[in-house]
Each structure stands twice: as C-alpha cells, then as structure tokens.
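Asker: Given next are the chains, with one letter for each unit.
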Amino acid sequence: MPSKTARILRAPENFLTQEQITEVAAGRRSFLRSAFLAAGGIAAGAVAVRAAAAPTAAPRGAPAGDPAILERQPWNTSLGKPVAARGYGLPSPYEANLQRRESPGLTRVNAASVSFAPLQGLFGIITPSGLHFERHHQGWQDVDPAKHRLMVHGLVRRAKVYTMDDLMRLPSVSRIHFIECGANTGMEWGNVAVPTVQYTHGMLSCSEFTGVRLSTLLDDCGLDRVKGRYVLAEGADGSGMTRTVAIDRALDDVLVAWGQNGEMLRPENGYPLRLVVPGVQGVSWVKWLRRIEVGDQPWATKDEAIHYVDLMPDGRHRQYTSIQEAKSVITTPSGGQVLVERGACEVTGLAWSGRGKIKRVDVSFDGGRSWTPARLETPVLSKALTRFSVSWRWDGRAALLQSRAVDDTGYVQPTTRLLREVRGTKSIYHNNAIQTWRVDPNGEVSNVQLA
Amino acid sequence: MYSWREPLVLAALLAAGAAHAGEGVGRPATPAEVRAWDIDVRPDFQGLPRGSGSVLRGQELWDAKCASCHGTFGESNEVFTPLVGGTTAEDQARGRVAALTGNGHPQRTTLMKVATVSTLFDYIRRAMPWDAPRTLTDDDTYAVLAYLLNLGDVVPSDFVLDQDSIRAVQQRLPNRNGMTRDHGLWDVKGKPDVRAVACMKDCGPEPRVASTLPDFARNAHGNLAEQNRTFGPVRGADTTRPAGAAPTGAPAAAPAPAAPKPAAGLALARANGCLACHDVEAKRLGPSFRDLKARYAADADAAAKLAARVRGGSQGAWGPVPMPPQRQVAEGDVDTIVKWVLEGAR
Numbered sequence: 001m002p003s004k005t006a007r008i009l010r011a012p013e014n015f016l017t018q019e020q021i022t023e024v025a026a027g028r029r030s031f032l033r034s035a036f037l038a039a040g041g042i043a044a045g046a047v048a049v050r051a052a053a054a055p056t057a058a059p060r061g062a063p064a065g066d067p068a069i070l071e072r073q074p075w076n077t078s079l080g081k082p083v084a085a086r087g088y089g090l091p092s093p094y095e096a097n098l099q100r101r102e103s104p105g106l107t108r109v110n111a112a113s114v115s116f117a118p119l120q121g122l123f124g125i126i127t128p129s130g131l132h133f134e135r136h137h138q139g140w141q142d143v144d145p146a147k148h149r150l151m152v153h154g155l156v157r158r159a160k161v162y163t164m165d166d167l168m169r170l171p172s173v174s175r176i177h178f179i180e181c182g183a184n185t186g187m188e189w190g191n192v193a194v195p196t197v198q199y200t201h202g203m204l205s206c207s208e209f210t211g212v213r214l215s216t217l218l219d220d221c222g223l224d225r226v227k228g229r230y231v232l233a234e235g236a237d238g239s240g241m242t243r244t245v246a247i248d249r250a251l252d253d254v255l256v257a258w259g260q261n262g263e264m265l266r267p268e269n270g271y272p273l274r275l276v277v278p279g280v281q282g283v284s285w286v287k288w289l290r291r292i293e294v295g296d297q298p299w300a301t302k303d304e305a306i307h308y309v310d311l312m313p314d315g316r317h318r319q320y321t322s323i324q325e326a327k328s329v330i331t332t333p334s335g336g337q338v339l340v341e342r343g344a345c346e347v348t349g350l351a352w353s354g355r356g357k358i359k360r361v362d363v364s365f366d367g368g369r370s371w372t373p374a375r376l377e378t379p380v381l382s383k384a385l386t387r388f389s390v391s392w393r394w395d396g397r398a399a400l401l402q403s404r405a406v407d408d409t410g411y412v413q414p415t416t417r418l419l420r421e422v423r424g425t426k427s428i429y430h431n432n433a434i435q436t437w438r439v440d441p442n443g444e445v446s447n448v449q450l451a
Numbered sequence: 001m002y003s004w005r006e007p008l009v010l011a012a013l014l015a016a017g018a019a020h021a022g023e024g025v026g027r028p029a030t031p032a033e034v035r036a037w038d039i040d041v042r043p044d045f046q047g048l049p050r051g052s053g054s055v056l057r058g059q060e061l062w063d064a065k066c067a068s069c070h071g072t073f074g075e076s077n078e079v080f081t082p083l084v085g086g087t088t089a090e091d092q093a094r095g096r097v098a099a100l101t102g103n104g105h106p107q108r109t110t111l112m113k114v115a116t117v118s119t120l121f122d123y124i125r126r127a128m129p130w131d132a133p134r135t136l137t138d139d140d141t142y143a144v145l146a147y148l149l150n151l152g153d154v155v156p157s158d159f160v161l162d163q164d165s166i167r168a169v170q171q172r173l174p175n176r177n178g179m180t181r182d183h184g185l186w187d188v189k190g191k192p193d194v195r196a197v198a199c200m201k202d203c204g205p206e207p208r209v210a211s212t213l214p215d216f217a218r219n220a221h222g223n224l225a226e227q228n229r230t231f232g233p234v235r236g237a238d239t240t241r242p243a244g245a246a247p248t249g250a251p252a253a254a255p256a257p258a259a260p261k262p263a264a265g266l267a268l269a270r271a272n273g274c275l276a277c278h279d280v281e282a283k284r285l286g287p288s289f290r291d292l293k294a295r296y297a298a299d300a301d302a303a304a305k306l307a308a309r310v311r312g313g314s315q316g317a318w319g320p321v322p323m324p325p326q327r328q329v330a331e332g333d334v335d336t337i338v339k340w341v342l343e344g345a346r
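Just so you know, the protein sequences line up as chains A and B, in that order.
Last residue of the first sequence? That's 451 in this note's numbering, and every number before it is there in order.
Last residue of the second sequence? That's 346 in this note's numbering, and every number before it is there in order.
Think of the hints as simulated: they come from the structure by calculation, not from any bench.
A hint or two may mislead.
[To be verified] Computed list of chain B residues with no C-beta within reach of chain A, every gap over 12 angstroms:
hint: 1; residue: Asp63
hint: 2; residue: Ala64
hint: 3; residue: Asp182
hint: 4; residue: Ala243
hint: 5; residue: Gly313
hint: 6; residue: Ala317
hint: 7; residue: Gly319
hint: 8; residue: Val334
[Claimed, not checked] In silico lysine-lysine, DSSO-like type, Cα no more than 27 angstroms apart, as pairs:
hint: 9; chain 1: A; residue 1: Lys357; chain 2: B; residue 2: Lys201
hint: 10; chain 1: B; residue 1: Lys283; chain 2: A; residue 2: Lys359
hint: 11; chain 1: B; residue 1: Lys201; chain 2: A; residue 2: Lys227
hint: 12; chain 1: A; residue 1: Lys357; chain 2: B; residue 2: Lys189
hint: 13; chain 1: A; residue 1: Lys426; chain 2: B; residue 2: Lys189
hint: 14; chain 1: B; residue 1: Lys339; chain 2: B; residue 2: Lys283
hint: 15; chain 1: B; residue 1: Lys339; chain 2: A; residue 2: Lys357
hint: 16; chain 1: A; residue 1: Lys426; chain 2: B; residue 2: Lys191
[Stated by the list, open to error] Example chain B residues on the side facing chain A (calculated, C-beta under 10 angstroms, incomplete):
hint: 17; residue: Pro43
hint: 18; residue: Glu78
hint: 19; residue: Gly178
hint: 20; residue: Arg181
hint: 21; residue: Lys189
hint: 22; residue: Pro192
hint: 23; residue: Met200
hint: 24; residue: Gly204
hint: 25; residue: Gly222
hint: 26; residue: Asn228
hint: 27; residue: Ala263
hint: 28; residue: Ala267
hint: 29; residue: Arg270
Predicted model, so just to flag it, every value in this text is computed and none were measured.
All residues carry an ideal CB built from backbone N, CA and C; glycine is no exception.
Please model the entire structure based on the sequences and the hints provided.
Answerer: See the structure below:
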C-alpha cells in the first residue's frame with residue numbers, strides 16, 4: 001500500500017497485496033472498490049470506475065447539451081497513432097480546404113504558371129512552406145544537392161565554384177522576409193477580376209530564410225568594387241532564369257539561401273539554393289541558383305525586357321521596376337467568405353513594404369470615409385509581413401472594409417484611383433492599391449472596387 | 001557606422017588568427033567551366049557567340065521545334081502570347097510601337113515589347129525549345145531568330161543573321177526606344193510616383209462601388225466553400241448557389257467532401273505536362289483524349305501505336321501542328337496514360 005506521508009504518488013503497479021489477490025481469485029471482489037480508492041485517486045483507477053458507470057440519461061424534450069460534449073468521440077475512446085507514424089508531418093485532413101490553387105484561365109500551360117497561397121486561412125506572418133506560392137517559368141525541378149554547384153565569376157579576382165557542402169560551412173544568417181510576385185494583384189488593374197484574397201493577393205508569402213550573405217561570397221571571390229556595378233543571378237532550371245541585381249543591393253541584405261522555416265527549401269521554392277532579395281519582386285529571387293556573374297551593365301534578360309516591364313499610359317515600358325511598395329490587405333473577413341454571426345468579429349490582415357518597416361495600418365469600415373488605427377502584432381520587421389488586427393462588432397449592416405499601410409519612409413498606400421492616375425490600367429505589375437471588401441447584410445463578403 | 005575601436009578590434013581578431021569568412025572554402029572555377037555556363041548575351045552583345053543562320057534554315061527549325069507552341073507564323077495565342085504582330089513600318093522607323101498606347105491592339109506581342117535583340121538571342125539559346133531547353137546549337141539559334149525577325153518584317157527573307165549583322169538588326173527593332181528606367185522603383189531609396197495622404201475622418205466623397213465580379217463568374221474559381229476552413233468566424237461562400245442565397249448565420253458548411261481521386265492516368269498526364277496541349281473533352285492544341293479514344297477504339301494496335309507516338313513525337317495525324325517527342329515521361333507511365341486514354345479518359 002502506498003505510504004500516506006509520501007509526497008510522490010507511487011505508480012499503481014502491484015498495489016494489491018498477495019492476500020488481496022488470493023481473495024479476489026477466491027471470488028471476493030467486493031473490496032476492490034475500496035482498494036482502488038485507497039490507491040489515492042490514481043488516474044487509471046478513476047477512469048476505469050467512470051467508464052463502468054452508466055451514461056446519464058438525457059431528459060425528455062430539450063437536449064441535455066452539445067453532443068460533441070455528451071457523446072464520447074473516437075479520439076478519446078481508442079488508441080491513437082504512435083510517434084513518428086508520419087516521419088515528416090502532414091496537416092490534418094480537416095485542413096484540406098487550404099491549398100495552393102491556380103486561377104482558372106490565367107495561363108494556358110501549368111508548367112509556366114502560378115499557384116496562389118491561401119492567405120484567407122493563414123495566421124501570423126510566416127507562410128507554411130507547403131503553402132508558399134509558386135511561380136515557375138519552365139516547370140519546377142528537384143535538383144540533386146550533391147550535383148548542385150554555385151559559380152561566381154565575372155568582375156572578380158578569382159572565379160570560384162562552391163558545392164552545397166562548401167556553402168553550408170560559411171557563416172550563415174536567418175532573416176524573415178516577405179516575397180511577392182511583381183504581378184500580384186495584377187489581374188485587378190482594370191476592374192474586379194477574381195473573387196478571393198487567395199487570387200487577388202496570394203502571390204505573397206513570408207518565411208524565415210537561412211543562408212550566406214551574397215556579400216560574403218563576393219568578398220571571397222575578390223569583387224572588383226570599382227567596375228562591378230551589377231550582378232546577374234541565374235537558375236539551374238530549364239528557363240535558366242536570369243535577373244540583374246544592382247551591386248549596392250547585392251552587397252546589402254541579399255542572401256544565397258538554402259533554409260526556409262527551419263527546413264531546407266522545398267523543391268517548388270528552389271531546392272537546394274535560391275537567391276533572397278528582400279523588398280524586391282519575387283522574380284529576382286532566382287530559384288535553383290547556380291551562377292552569379294558580376295558585370296558593369298544590366299543584362300536586359302527576357303524577364304527584364306519582355307516580361308516584368310510596366311506599360312505606362314504614354315506607351316513606354318518601365319524596365320527594372322523591382323521594389324514592392326507598401327501594401328496591405330484584410331484577410332479576414334475577405335472576398336468569398338460569409339460571416340457566420342453578428343457581433344464580435346476580429347478583422348485581421350497583412351501589411352508589408354519593400355522599403356522598410358510597417359509603421360502604421362489603418363482600417364476603414366465605410367469605404368475610406370473614416371479610418372481607425374489597427375493593432376500591429378509583433379514582430380514588426382523590415383521587409384517582412386506584419387500582421388494587423390482590429391476588433392469589430394458587426395451589426396448586420398452592409399460595410400466596405402479597407403486597410404491602408406504606412407511604412408517608415410512615410411509612404412502611404414494609395415487608392416486604386418490615385419495609382420491609376422499615374423500608371424494607367426495596363427501596367428500588370430506593382431499594383432499596391434488599397435483593397436475593398438464589401439460585407440452584405442446576409443454576411444457574404446465580396447471583392448469590389450470603388451470609383 | 002565608423003568607430004575608432006574598429007581597427008583595434010580587427011587587429012585583435014587578426015592576432016587571434018581569425019580567418020576571413022570564405023578562406024579555403026570553394027575552389028577556383030576552370031576556364032572551361034566558366035565557358036560552359038557563361039552563356040548570357042548582353043544588350044552591348046558581350047557574350048555573343050560566333051555563328052550564323054539563314055531565314056530559310058530558321059523556317060525548317062521553326063516548323064519542327066517552335067510551331068507547336070508559337071504557331072507557324074509566330075502568331076499563335078494557344079499556348080503563349082503571340083510573338084509577332086502589332087508592329088508597323090512606321091514603328092520600325094521611329095523605334096516606338098504606336099499600338100502600345102490606347103486600346104487598339106488586344107495583345108502585346110513579343111516584338112511589340114522587346115527593345116534589345118540580344119534578349120531574344122539569349123533567351124532562345126538558353127531556354128528553347130520550351131520542353132527541351134539548350135538543345136539548339138549557336139547556329140540554330142541564329143537561324144531561329146532570323147526566321148522570327150523575318151516573320152515580324154524586321155529582316156528580309158534572304159537574310160543571314162550572324163554575329164556582325166545582328167548589330168544592324170538592333171537599329172530596326174520596332175520598340176527599340178520604348179523602354180525607360182526613369183522611375184523610382186529600382187532603387188530602395190527611389191522616389192515613389194504617388195503621394196497619398198493618410199486622412200483619418202471625413203475623407204473624400206461618399207464611396208461608390210464601381211466594379212464587382214459579375215454573377216456569371218461567381219463560381220468561376222470553383223466552390224469557395226471548399227477553399228475555406230469549416231470552422232472559425234467565417235465560412236467560404238457556397239458559390240454553387242446564387243448570390244444572396246446564403247442567410248446570415250448560415251449553418252456551418254459541412255466539411256467539403258474529399259475530392260474523388262483522379263484516375264492514375266489523369267494524374268500522370270497532368271504531372272507530365274500532357275494537359276498543356278491536350279484536354280480531356282475539347283480540342284486544344286492537340287486532339288482531346290476523348291477524340292483519340294473515338295478514332296482508335298477499333299484499332300487493335302492502338303496502345304502500341306500511341307505509346308510510340310508519345311515517345312517519338314508525331315506529325316500529320318491530327319493536323320499540321322507536330323507533337324514533339326515526350327522523352328520526359330517514364331516508360332511505364334506512357335503505357336498507363338495510353339491505356340487510360342483508350343479506356344475513355346475517365
């Protein structure tokens with residue numbers, strides 16, 4: 001029997017004496033209950049007693065309560081799955097509705113296409129790696145890290161080759177940054193085109209990236225700091241994606257990254273190596289990065305001379321437009337959703353700026369007539385997503401929800417009208433206008449644009 | 001930030017034997033390695049290889065390797081936006097494409113946009129044909145580009161493009177003066193071109209909704225109820241029902257039924273890019289899978305015949321557009337896809 005003075009309860013093994021066992025074997029079970037009580041409320045015993053009791057009968061008429069409480073569920077009446085049954089975890093099947101999705105009709109071949117991250121269901125600022133948006137120009141590849149090489153050459157003293165082993169021996173840093181495709185929200189330049197925040201803003205993700213600074217590699221190769229004014233980054237995929245990055249930026253906060261959210265990059269995001277160019281549109285974050293060339297002029301590659309050029313009203317294309325200016329969007333409630341009940345509703349969304357930190361986000365419920373400052377959730381990081389929230393009581397009336405970001409340069413996110421006055425409607429890229437969601441009295445939320 | 005302490009710290013580090021970060025890591029690149037990878041061509045033609053190709057030779061290559069995606073005349077809009085069209089002789093003289101202003105031209109073709117001929121050479125050499133990149137020789141690249149330029153009336157039919165004549169072509173590109181870098185969106189300190197004001201109350205006129213998604217497009221992105229969580233303060237709208245049908249406090253949408261597993265054949269066809277050119281029901285660039293089944297239903301050798309065409313390519317059976325060989329599809333998978341097609345692609 002357990003000692004009454006013991007401070008730690010003994011495990012229930014062998015708490016019956018040999019005589020008691022003999023008594024039980026002889027058929028005198030009546031004392032068992034007291035024996036269990038004597039064991040000091042040991043969980044195993046208590047559960048066994050409760051389980052043996054008959055369930056309470058529900059009173060006639062009104063239900064006694066929620067069946068989710070009153071009825072035993074499979075997960076508390078059966079043995080669960082063992083550890084490591086799924087060595088690399090998966091989300092619950094109940095989360096299957098949140099998927100990367102293609103927008104029907106956007107492209108005609110899905111190897112040169114886009115999948116959008118389900119922003120409507122994400123929390124905080126980090127995008128799960130498996131839901132990070134994709135943009136491929138010639139299909140994604142799963143590159144063997146043992147055969148992957150990074151070459152640095154051009155205006156450097158020593159052209160060098162690095163293996164993945166080499167790179168991961170170098171001093172690394174981890175930084176949280178957003179990545180947004182230059183064409184994010186591009187379908188909405190002229191008018192409303194898609195229903196939900198996944199399709200309006202889902203070419204946006206934010207991760208903790210781990211890698212070596214590009215400046216470390218350029219120093220190691222002996223960068224020619226006088227003549228070297230641009231670098232060309234090139235990918236190992238079929239498109240041989242190539243983008244020019246100005247040297248000041250390359251030496252500032254650009255990373256050559258292998259890690260994403262604590263794991264290696266996913267193949268769809270450039271495994272085993274990609275460029276991370278904070279604040280700059282995603283196309284410059286070259287995936288499957290294999291080559292860095294230093295030069296004295298920009299390259300005008302296909303994706304900086306035929307695509308990712310912004311058509312202005314005067315018929316000129318702007319070339320090398322790269323910075324993603326301050327932008328925000330409400331993710332809950334957002335287009336294609338239905339508010340389940342009146343009353344308490346937490347309005348939340350994301351804000352970001354390619355030029356620095358988010359300083360403030362304002363939310364409007366009346367289509368921009370009046371504004372309320374939102375709470376910024378920490379951390380608030382430079383060139384990273386910032387989560388904002390406002391508590392709202394929805395009274396069942398129609399509302400026009402908007403959010404407006406202000407960054408630490410003082411830049412204020414513009415209205416659609418203001419942006420169109422300068423850029424026209426055929427720009428495709430860099431649409432950072434204020435988004436409007438209309439809440440109807442029936443609770444349904446839809447994507448609208450204001451005059 | 002400069003600090004007087006820095007030189008001392010640096011000296012201390014050096015004294016302690018601290019190495020610079022990359023020392024001893026990596027190895028020199030050999031000249032042959034740099035040559036193998038350094039294939040970029042810049043607007044000033046740095047990197048341009050020696051070689052040549054005629055419009056005539058380009059046409060042969062085009063019909064065999066390029067037409068399936070870009071059309072016989074570079075005009076196709078089936079797979080990618082058209083390469084050619086929308087430019088005039090006046091544009092060529094001026095170096096600006098007039099159709100880029102106003103709404104006169106529905107599509108912006110490659111030749112309407114491109115300002116540097118090096119861009120075309122570089123991209124064709126590095127990334128074309130789309131499904132078999134880097135299989136063109138330098139001479140092939142010159143020839144294909146010569147043909148493309150000929151389709152756009154930039155060079156005559158008897159033109160031979162080489163490392164010298166390409167320089168003159170630059171002066172004939174219709175939109176060579178159409179690019180500008182005069183904007184604040186390249187430099188992190190660049191000047192934004194809009195300056196909004198963060199008004200807080202009584203801002204602007206009463207809002208008026210000017211654009212909404214048309215009713216017919218309500219379900220164009222699928223049932224949004226299946227694209228949202230089934231718990232929490234919101235549900236996805238059931239877009240299989242007309243707008244306004246969902247009452248306030250709609251009961252929680254039942255968990256979306258698990259999508260039926262696509263047939264293995266369909267999954268493989270999708271994974272291997274077959275759906276880029278073929279649809280199950282409708283004719284696209286190539287015949288639909290259902291049409292294939294209809295034509296070959298009675299043919300006892302159909303499976304072997306179709307498998308051979310997938311692997312080796314095909315031309316003429318369904319029209320002038322050839323299907324390139326699909327060597328990326330594993331042997332067993334070809335058979336599974338073909339079997340699935342011949343069973344009706346369900």
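Asker: Which of the listed hints are broken here?
Answerer: 3, 4, 10, 11, 15, 27 and 28
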